[in-house]
Amino acid sequence: MQVDYLIIGNSVAAVNAIEGVRERDEKGSILVVSEEPYENYSRPLISYFLGDRIKRQALEYKDASFYREMKVEVVCARAESLDCIGKKVFLSDRKHIGYGKLLIATGGSPVIPGIEGFAKETSGLFTFSGLGDALALKQYIEENAIEHAVVLGAGLIGLKAAEGLLMKGVKVTVIELADRILPNTFDLRGSEIVENELIRSGSTLIKNDTIVSIQTHQGSIVSVTLKSGRVIETGCLVIAVGVRPNSAIVQNTTIVTRRGIIVDEHLQTTEPGIFAAGDVAECPDFFDRKPSLIAIWPVAARTGRIAGFNMAGVTGSILDFSR
13 MQVDYLIIGN
23 SVAAVNAIEG
33 VRERDEKGSI
43 LVVSEEPYEN
53 YSRPLISYFL
63 GDRIKRQALE
73 YKDASFYREM
83 KVEVVCARAE
93 SLDCIGKKVF
103 LSDRKHIGYG
113 KLLIATGGSP
123 VIPGIEGFAK
133 ETSGLFTFSG
143 LGDALALKQY
153 IEENAIEHAV
163 VLGAGLIGLK
173 AAEGLLMKGV
183 KVTVIELADR
193 ILPNTFDLRG
203 SEIVENELIR
213 SGSTLIKNDT
223 IVSIQTHQGS
233 IVSVTLKSGR
243 VIETGCLVIA
253 VGVRPNSAIV
263 QNTTIVTRRG
273 IIVDEHLQTT
283 EPGIFAAGDV
293 AECPDFFDRK
303 PSLIAIWPVA
313 ARTGRIAGFN
323 MAGVTGSILD
333 FSR
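According to this note's numbering, the sequence shown holds residues 13 to 335 in order.
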């Protein structure tokens, strides 16, 4: 199969890239490859789904009609490797797709810190970065009548998880290694405002501490031990200490990576014709022009749109806010 535009990933960066391409090129063929078995949805809303404030249908970001109108084909598969010279992407089913322009919008995956006693097969351990996480956590809480949960990490993802759990009627303890919450997002005053609201909502907040071990009984988590020595009994643990870019697709290629895939202000990688956007892209910061990873929804939307423009031949810059 050969297409004009191949997009790996199907979240907000991919959707905005499609719109960007179609503003310039109405006829070029577009194929989206995504390994996630769900239709496009809004990730920021999963906490409200967890907390029973919205139905699953309300998570929908773009429905099937969007892809029909944009003349986009979607394939559910995992993109495993990339041949930059031959301009081909190889899929998990051993098929390959040739492309004219390629966008890598594979997002990121949760970072799992080294914790004594941690095992993937342990019941009650979760992350909170996608719909699959929310579905699993929601089911576990309901089936096991969970009354208390621990959230490790007080960044945006951790606080969204805490919000959903509180709405679900679950008591929450948030543990943060830093001396304040949202340390990478707000200044001290901003952190204080959100912290006060978090405590007012009924959460317990523990700062300057972290989890060093997990205790289980019959395969399920029953408590966590903190570095300070404190032991907290809990029915489940949500790990939200950060996100790592899903850049494995560019391994063994000439594309330069650091923490994410390095791109210029046009979202093009070091390989001509190959672009990256969203949480996987390390792009120039508006203020100091240094490569930066900013894994939030609005940035993913903007980088996707600018990448789409450039893929279709319209010069656009992530540093130009007139678009």
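Note that these hints are calculated values from the structure, not bench results.
Some hints here could point you the wrong way.
25 Å max Cα-Cα, derived BS3-like pairs, lysine-lysine [what the hints assert, rightly or not]:
1. 67 x 180
2. 74 x 99
3. 67 x 39
4. 183 x 67
5. 132 x 39
6. 67 x 83
7. 219 x 183
8. 150 x 107
9. 83 x 132
10. 99 x 39
Predicted, not measured: the structure shown is a model, and the values here were computed from it.
Going through the hints against the structure:
1. 67 x 180: This hinted pair holds, its Cα atoms lying about 13 Å apart.
2. 74 x 99: violated (29 Å)
3. 67 x 39: violated (36 Å)
4. 183 x 67: Holds, at roughly 22 Å.
5. 132 x 39: Since the Cα atoms of residue 132 and residue 39 sit roughly 46 Å apart, the hinted pair is violated (cutoff 25 Å).
6. 67 x 83: violated (28 Å)
7. 219 x 183: holds (17 Å)
8. 150 x 107: violated (36 Å)
9. 83 x 132: violated (40 Å)
10. 99 x 39: holds (20 Å)
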